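Protein chains in written order, with this note's numbering: chain P, 39 to 150; chain U, 40 to 149.
Note that these hints are calculated values from the structure, not bench results.
Some hints could be false.
No farther apart than 30 Å at their CA atoms in a straight line, the calculated lysine-lysine pairs in the DSSO-like style are these [claimed, not checked]: (1) Lys48(U) x Lys99(P); (2) Lys87(P) x Lys48(U); (3) Lys106(P) x Lys87(P); (4) Lys87(P) x Lys134(U); (5) Lys134(U) x Lys99(P); (6) Lys87(P) x Lys99(P); (7) Lys134(U) x Lys48(U); (8) Lys99(P) x Lys149(P); (9) Lys149(P) x Lys87(P); (10) Lys134(U) x Lys106(P).
Chain U regions said to be covered by chain P (calculated; three or more residues, Cβ under 8 Å) [unchecked claim]: (11) 113-125; (12) 131-142.
Quick caveat, the model's predicted, so the values are computed rather than measured.
For each residue, glycine too, the CB sits at the ideal point set by N, CA and C.
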Amino acid sequence: AQSVTQPDIHITVSEGASLELRCNYSYGATPYLFWYVQSPGQGLQLLLKYFSGDTLVQGIKGFEAEFKRSQSSFNLRKPSVHWSDAAEYFCAVGAGNNDMRFGAGTRLTVKP
Amino acid sequence: NAGVTQTPKFQVLKTGQSMTLQCAQDMNHEYMSWYRQDPGMGLRLIHYSVGAGITDQGEVPNGYNVSRSTTEDFPLRLLSAAPSQTSVYFCASSKGNTIYFGEGSWLTVV
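Extracted from the complex, chain P is given alone in its bound form:
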């Protein structure tokens, strides 16, 4: 069965510093991979997705993620974090609408 692990429950970074959020997955076939962001009191917004092709995908708000099949990972990165990036981030994996599995989330705090 597919599963998603986000090893870091909470990460704190300084504004302007780089960011990497980890995501590891278990899936029996080539997965579709997603990163969502959730601001407090809001729904989930899609940051980026990987279906196939180039393993480095660009998303909105300056985020990118790299699919590494050998490591079963899909880590999210941003070169310079802004205070407005403080939110909760969810990694998800699946191959169909009713086949999605979400990680438990990583909460990002940005220090001024």
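Once you've looked at the hints, dock chain U against the given chain P.
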């Protein structure tokens, strides 16, 4: 663009009460779903629908009913609320493999 609209945003229920969370989407998506979000557990699928008149169970369906009479609407019913159903509920619609979420409904059962 409205997207996925959920109501109410906040609700407090007493144990044993019933209620319906409303969900509507204006993107003409065939696929709609309901998730619940609990601390440390991410989102879990409750029920989903692949089109009007068709619904099926997800990972955590117990205690919830759904129906899909139109493409636009997908209400979630709690027939007899329990404290274990205290959660944040998200309705979603999908095109292809990309899910679009509503803003959530915070439900507390006391």
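(request) Identify every previously stated hint that the structure contradicts and give their numbers, smallest first. (result) Number 11 only.
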